[in-house]
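4 protein chains.
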Amino acid sequence: MTEPRIRLGMVGGGQGAFIGGVHRIAARIDDRYELVAGALSSKPEVAKASAEELHIASDRSYGSYEDMFAAEAGREDGIEAVAIVTPNHMHFPVAKAALEAGINVICDKPVTRTLEEALELQQIASSSSAFFALTHNYSGYPLVRYGRELIERGDLGKIRLIQVEYPQEWLTQAPDADNKQAAWRTDPKRSGKAGCLGDIGTHAFQLATFMTQLELESVSADLTAFVEGRQVDDNVHAMLRFSKGAKGMLWTSQIAPGCENGLRIRIFGDKAGLEWAQEKPNEMWLTPLAGHHQRITRRDDNLDSEVATRGIRIPFGHPEGYLEAFATLYTDIADVLAARRKGEKHPMEAWIPGIDTGVTGMRFSNAVLESSESDSRWTALID
Amino acid sequence: MTEPRIRLGMVGGGQGAFIGGVHRIAARIDDRYELVAGALSSKPEVAKASAEELHIASDRSYGSYEDMFAAEAGREDGIEAVAIVTPNHMHFPVAKAALEAGINVICDKPVTRTLEEALELQQIASSSSAFFALTHNYSGYPLVRYGRELIERGDLGKIRLIQVEYPQEWLTQAPDADNKQAAWRTDPKRSGKAGCLGDIGTHAFQLATFMTQLELESVSADLTAFVEGRQVDDNVHAMLRFSKGAKGMLWTSQIAPGCENGLRIRIFGDKAGLEWAQEKPNEMWLTPLAGHHQRITRRDDNLDSEVATRGIRIPFGHPEGYLEAFATLYTDIADVLAARRKGEKHPMEAWIPGIDTGVTGMRFSNAVLESSESDSRWTALID
Amino acid sequence: MTEPRIRLGMVGGGQGAFIGGVHRIAARIDDRYELVAGALSSKPEVAKASAEELHIASDRSYGSYEDMFAAEAGREDGIEAVAIVTPNHMHFPVAKAALEAGINVICDKPVTRTLEEALELQQIASSSSAFFALTHNYSGYPLVRYGRELIERGDLGKIRLIQVEYPQEWLTQAPDADNKQAAWRTDPKRSGKAGCLGDIGTHAFQLATFMTQLELESVSADLTAFVEGRQVDDNVHAMLRFSKGAKGMLWTSQIAPGCENGLRIRIFGDKAGLEWAQEKPNEMWLTPLAGHHQRITRRDDNLDSEVATRGIRIPFGHPEGYLEAFATLYTDIADVLAARRKGEKHPMEAWIPGIDTGVTGMRFSNAVLESSESDSRWTALID
Amino acid sequence: MTEPRIRLGMVGGGQGAFIGGVHRIAARIDDRYELVAGALSSKPEVAKASAEELHIASDRSYGSYEDMFAAEAGREDGIEAVAIVTPNHMHFPVAKAALEAGINVICDKPVTRTLEEALELQQIASSSSAFFALTHNYSGYPLVRYGRELIERGDLGKIRLIQVEYPQEWLTQAPDADNKQAAWRTDPKRSGKAGCLGDIGTHAFQLATFMTQLELESVSADLTAFVEGRQVDDNVHAMLRFSKGAKGMLWTSQIAPGCENGLRIRIFGDKAGLEWAQEKPNEMWLTPLAGHHQRITRRDDNLDSEVATRGIRIPFGHPEGYLEAFATLYTDIADVLAARRKGEKHPMEAWIPGIDTGVTGMRFSNAVLESSESDSRWTALID
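Protein chains in written order, with the numbering used here: chain A, 1 to 383; chain B, 1 to 383; chain C, 1 to 383; chain D, 1 to 383.
Because the hints were derived from the structure by calculation, they are not lab data.
Copies of the same chain look alike in the list, so a pair counts if it fits in one copy or across any two.
Calculated pairs, DSSO-like style, for lysine-lysine (alpha carbon to alpha carbon, straight line, at most 30 Å): (1) Lys-43 / Lys-96; (2) Lys-193 / Lys-158; (3) Lys-247 / Lys-193; (4) Lys-247 / Lys-280; (5) Lys-271 / Lys-180; (6) Lys-193 / Lys-271; (7) Lys-271 / Lys-244; (8) Lys-189 / Lys-247; (9) Lys-96 / Lys-193; (10) Lys-158 / Lys-180; (11) Lys-271 / Lys-247; (12) Lys-342 / Lys-48; (13) Lys-247 / Lys-180; (14) Lys-43 / Lys-193; (15) Lys-43 / Lys-180.
If you're wondering where the values come from, they're calculated on a predicted model, not measured in any experiment.
Same shape as in the complex, but just chain A (with noise of 0.2 Å):
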């Protein structure tokens, strides 16, 4: 029998958002999800149009995540997850309410605004008999994935040195008041105390601990805020100390001209380095120590790792992008999902970033604030 598609709502994602689209293009890449009710918007007619485009039947148009959430527990096909697609201020009200009603949930990074949000949830989640995904895309990336395989299995030695960045420009000066991307995300109260760092600062430092599996244990950090004006950091730089005697730095801005969506990591054990960008996701170099020869290695559906070429849909040389990555994630949800149908757990539950994970980047966002405003002093990573 083939598997019955899962039943998606969605919170945020109206006419004008950004994220909420990639979602839906997310879920529908591999058709693993049927999207049939939305609170897309707070404002009644957006979330009525937008519903509408989306050909979401019009009574599964809710005006409120309340709403929907209510009304679709007492469906038979009501949703069995929700995407919460919505600023950041709205992650922790939203997450919240779906637990507590058993509906799964895949939200947007970064988890909440705060530590303390963060740290409520998990333990809602905890009590919850609903899974909790958090979206770090880029874990999605099949070479990401085979990274992370090739330094469990030691193929880089100890791991010594991890030094990760993340730039953009698109800051680089005070946006026009109509951005409306940019003025959430330069504004504390949406988006938290963190602005490039916990806009993409904590996609840069989930990577370096997803692929390595250390733990960051302290950080000293500077922040600043270059653009007038600006209440955020627009540019973080920072040392790391790992578990395990590792090293690293972590750079992410948002006023760096010339850079689009560079995230990139440099990973060094005695054995062997390795080199990933996002904006090359197709190719890895890694470079054993002996035989100075470098070596590019592909996304190639015959990859010797499961978890890696479980993404690849294509055969090498037809690049695969930031969607599909997207999508990836999504279908190993899906994946979970409907094994917990079964009351299963699939072994894809262990690659996708949850509570956990989303509670460990507020920790790292804030003790980074915390250096940065203790002139850098190293500060560890705790409650």
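The hints should help you fit chains B, C and D onto chain A, whose structure is shown.
Frame of chain A, contents of chains B, C and D only:
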């Protein structure tokens, strides 16, 4: 009112096939289609299982395309378009039947096995109310379209040279017997007389003429089957003479180790040159003669081209790839079909490869074959 | 005892010339030569000023090459070798005179203006005690040599394809009247009938045959002079058939905006492919068919090749370039000449392009010209 | 009248040494020097053999630098300049003696082992008639100079960020006992307290301040010796605060597998960003914020910069590398010394790193060491 999705049927593309799945993803990405019927395989078991997997209702899974066209014609919610994703030799009969039934056609390339068939189909298409689209998917890439516009605007000056190549490695050795993709592609009965030439050479040719809007007038070619026992060419060398005095070269190969899906084009005018490669589709090199500054133009939602930007879903630095370019073509077709529902003509019709492109492609193939058999004599592209 | 420097004279290369200065740097880099005499210009004033600038004693600055050879023959410390860096049409008479005088020759390419001259020079060389070297400098690059060794060892398997190209942009438009380099290169009287073909096409051809050690058997070519009024070709398209069943293409152009000095070669065997580009000379791509891992091989003093590493002066990561490759050729010649002082034969003689390379190059040029004039008929390389 | 060559002596650089040979090639490339004397080794046998190999007259091969300076002072044709290419700990006494003898100094970096020595040398230099040049060779690259000019002209706007890195791999493991280069570089007695920091970190620092002409005000650093038993740092992480509000990061390492000689700098202003990497020295990325077109600027003899183009010998597309950049520095010094012969001051004096650069470098080293020892406390660069 929201435009209803296009009701789509599919011929071919059952379990074990490759390109059918690509078409389905392409159709889903922008959510403009609903796959409601299929004649997915000539084997009833495979057809049934494939339909179920694709959530096609069992009564709309057909044993043959003839059955499907007949039955769907009788339904009010019958298919409006059919995607033909069979091996090459079936393109002609299926497309013919669809056009005659007034069903819009989305046909994988090459259009047919022979020029004769293509010409007949051209006749049929000209007297059919249905729209015929040929999925030369590489023309869906935003920067390919942007390049075409730059050339049309005159930014390159008078075009002199077109160097196009498309090397792959996957047939370097005789493939295993169970490699289904390789089997039909190297069998003249199913793929036509042209091997590598028909499979990927036609893509290279189409890209060159699509971007420059020049006509190929004659060709001097040298075909080879390097692998012992291979019945069709696996390497094509050709020199090209275009209209308006432009010249070029075309190389395509399936025996080039290190090459994955290396479609690449370089176009030189008397004012500037450009270069685009399918494996790095989000960038295009454009070098004006003056100034000695090479420029990379990125896929970017701010490009000064409506046609290019309509195929861009996410901001620069977030790579889109092969599936998105394919999806863009599907979405363009959806726009055309939606306009036709209302008796209107959508401007994107001019950008979608159709039956004329198919005929020209077959003329190209024939001329190349004829030239190669005549010791590379310059051979004109005529009927 | 330290080997004394080779006493070198130069013909051509006075003020305003280009390639003479390159030869002099090449001779100096490894300090194996001493430039002691010159007939640097046909204009006495220029000859005198140039000699002074180069610290050549005034009594060894000559008004003509004939004077130089005569006078130097009478000196105990007379020149042992002469570098010929004149425009093409003077190569023959100067080389002839030098060989007849027993003076070793280091001649810029192409060897002569015509095949007849080249054959005559071959005769003269064969009966002369002097050594004749032709500065096909690109064969001095360590990785070009390494590639040749890999092919000889069989790492690529049986060679099937050789794709070589050499595009430039500098003659895209008719040059200014005062561009001395452009003037003689586009004047058939001084450069020979072959324009771009002779200037850089011969380098491409030499590289292909040097690396693979295959012979070019026949060629089908299409030459064009795109710039109005130009008397020699500025673009060459050619298809190639080599010994042992290999095939290839050659493209060379001087009207390709965006291309600087784009000599690039790709060689494919049935086991692996390689790629090397002159503009990134410190790396070579080598991709074995198995494993789907492309490898970059760096210029590296640990390469398993004596011939490759003898041309490496500094550790990997410290780029060497065009001048160093040229110097390596000069140093090889110095080793040969030093061995000959003692009546010995140095093993590097086999690696230095000589009169036979020159003759083959002229045969190539002639065949290309003849083929192009015969509507691209396949034309064999014969006398 | 032609300018006579500069008469050069050398201290260090005997057989088995590395950087001495580089200096000699650099001095020869543009033919502005004559190596006439040497104290090439502290071992008499090696000194003698080395001198002979270099064609230095036996009576000008000295057993010590003191002897050389004394004897050469007494000759009319005595050396005008001395190249100091010893291990670091000998830089100070040799430079001191030379300056006191009025001999111009070309000293390899770092200037001395300690800041105290550097300050003393600064005193001596200020009261000496001789010129002191420090071979921060990377500042000889044409595009590094061009970048400095662009920044000075304001093309990047106000500088905000400087991200500089210099990773290598060659000390990833404990080196063999017979690796002479590794031995002295990891021995605090000969190289100073700073390991990787002094060897290559100072190059990175110098590049950053050379290009931007900003002063480093303070540093927060974390040094590590990853290889067991290593007595000096092999990895440096540092955050930087420059004058005028600019910030940056510096990473340098000798334990990064896959990195060869990875000096790379990225500089971001509020109008544009640039990037230059030593391993691809013939290109520089320059991206103005407006327009989303990244541009590559090539090393090109038409650059609108006299200082950049004076270091270019061959046309674009013909790569120049490390040795040419080093040679450019030598040639600049020759111009300065030739001008001084006539009592003139050459404008290139301003571009040649000298004793002040050396002192600043030592201050940088000291501040980094001090910060690292103080748990990465921000540490100012003071005496």
